[in-house]
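Engineer: Residue numbers (the numbering used here), protein chains in the order written: chain A, 15 to 404; chain B, 30 to 93.
Because the hints were derived from the structure by calculation, they are not lab data. Take every hint as true, because none was put in to throw you off.
Only part of the chain A face toward chain B is listed, based on derived beta-carbon distances under 7 Å:
id: 1; residue: W194
id: 2; residue: I222
id: 3; residue: I365
Derived DEER-like restraints, expressed as beta-carbon distance ranges:
id: 4; chain 1: A; residue 1: K113; chain 2: B; residue 2: I41; range: 43 to 51 Å
id: 5; chain 1: A; residue 1: P361; chain 2: B; residue 2: Q38; range: 31 to 39 Å
id: 6; chain 1: A; residue 1: Y342; chain 2: B; residue 2: S33; range: 40 to 48 Å
id: 7; chain 1: A; residue 1: P86; chain 2: B; residue 2: G45; range: 52 to 60 Å
id: 8; chain 1: A; residue 1: I364; chain 2: B; residue 2: S33; range: 42 to 50 Å
id: 9; chain 1: B; residue 1: Q38; chain 2: A; residue 2: T395; range: 39 to 47 Å
id: 10; chain 1: B; residue 1: L81; chain 2: A; residue 2: V184; range: 22 to 30 Å
We put the CB at the ideal spot given by N, CA and C, even for glycine.
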Amino acid sequence: MSQLVSVTNGDGEGRLKARTIRVWSLVHTWTSLISTVFLLLLCLTGLPLIFHHEIDEVLGYAPQPEAAAGRPALPPQQIVQAALAADPGRVMQYVSWDKDEPGIVMAFTNNAPDGKPDNATVRAFDAVTAKPLGLVGVGPILIVLKLHTDMFAGQPGKLFLGGIGLLFAVAIISGVVLYWPFTRRLRFATIRDRSARRVAWLDWHNLIGVVTVVWALVVGLTGVINTWAELMLSQWKANELAEMVKPYAGKPPPAKLASLDQVVTEAKQAAPGMEIAFIAYPGTPFTSSHHYAAFMRGDTPLTSRLLKPVLLDGETAEVSDTRALPAYLQALLISQPLHFGDYGGMPLKIIWAVLDILTILVIGSGLYLWLARRRKRARATAVAHAVPAQ
Amino acid sequence: MTASSGRSQRWIAVFGAPIVLGVLSMVGLLAALLLGDVGRYLSWLMVGAPVLVIAWAWLRLRFR
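Using the sequences and the hints given, assemble the complete structure.
Structural biologist: Printed below as a string of structure tokens:
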């Protein structure tokens, strides 16, 4: 706290400022300390996740479509048949199309339409030949992803990490408040490397922290929003989706499902100019027990993230309703690229990784500064006790 | 120079560069999302600006 005292003068205003600064310092110290271990886990696991696609490719876990340039894609129902043949006894949950991998279709099967995500099997199929291209979402990156999103603790783990993200945001904001008293006598980016090592690390901590503050806040808070995804989805199902499927209340689930080919055709007609991102089968968490839901995307960087649901009757594939997602789900969809950093090509991924490493340095140096200050205080106390004894 | 003007000058000296970098980062983060290819190039420069400042501070110490 010696630095804090030195930034104030001896009058009443100075004492008030010293007290205010001490409070902010306590907030900064404890929000950082409580979250340190988990923030380090998030930063360390986040680093390989930035390059998960490239790592999967190198390790052989990324599906590769066969060379079929110019040939038309098969009707999607054939992909569904191939998926069900690959996993006998299971049911379809979702079929998805990645805009960056037009030659590949992903099929999600599970033991029940509302089966847990952890029990889903995701297979990639060649869009032209329906040949299975292997399982998706397996390999070492899956372990890293689970550690990063919920620490293998499911929804409670997600919500806990969301709380850690909020603590991180408080630590950042209190750090910005404390930046003034610690640096107001220094030029910007001064590193006092000829002083004690602790002082030099304090300067690095302050500099790296303040220049990365906006990126860290954006990534931290969008991460928090992502931990609420399932809650938001439940809210949407309970309100907006319930409103959309009201005319079907009390009706039994479809006895025979409409063909996916028909569903795709109808959905595209209902949302001209858009393409299908994924289709949820009736009874899955993204729709009602009566409806297919086709989630449509636009073709600009922004609209390709903002999905629009089209509900289609499970038996006839007739369009039942379509409306934009509510603001909170749109915020969730926009927050995802801002958290992952996967929307600006490889250079942005590399910058994301460097900023992640810089955040690790800020967290590590903060811990070092706290330990060094404790050691310094302990030494001072020992000396103070030793002096009267002499 | 009055005490308050001196204080505001000091405030700008302390927070000026971080605010500029913060605005650049925010604009860069949104540019890639909203402006297509041009936004993508802008985002590399703007989101990368804090990294360049850290590199400059480190190189300045190393080659002093």
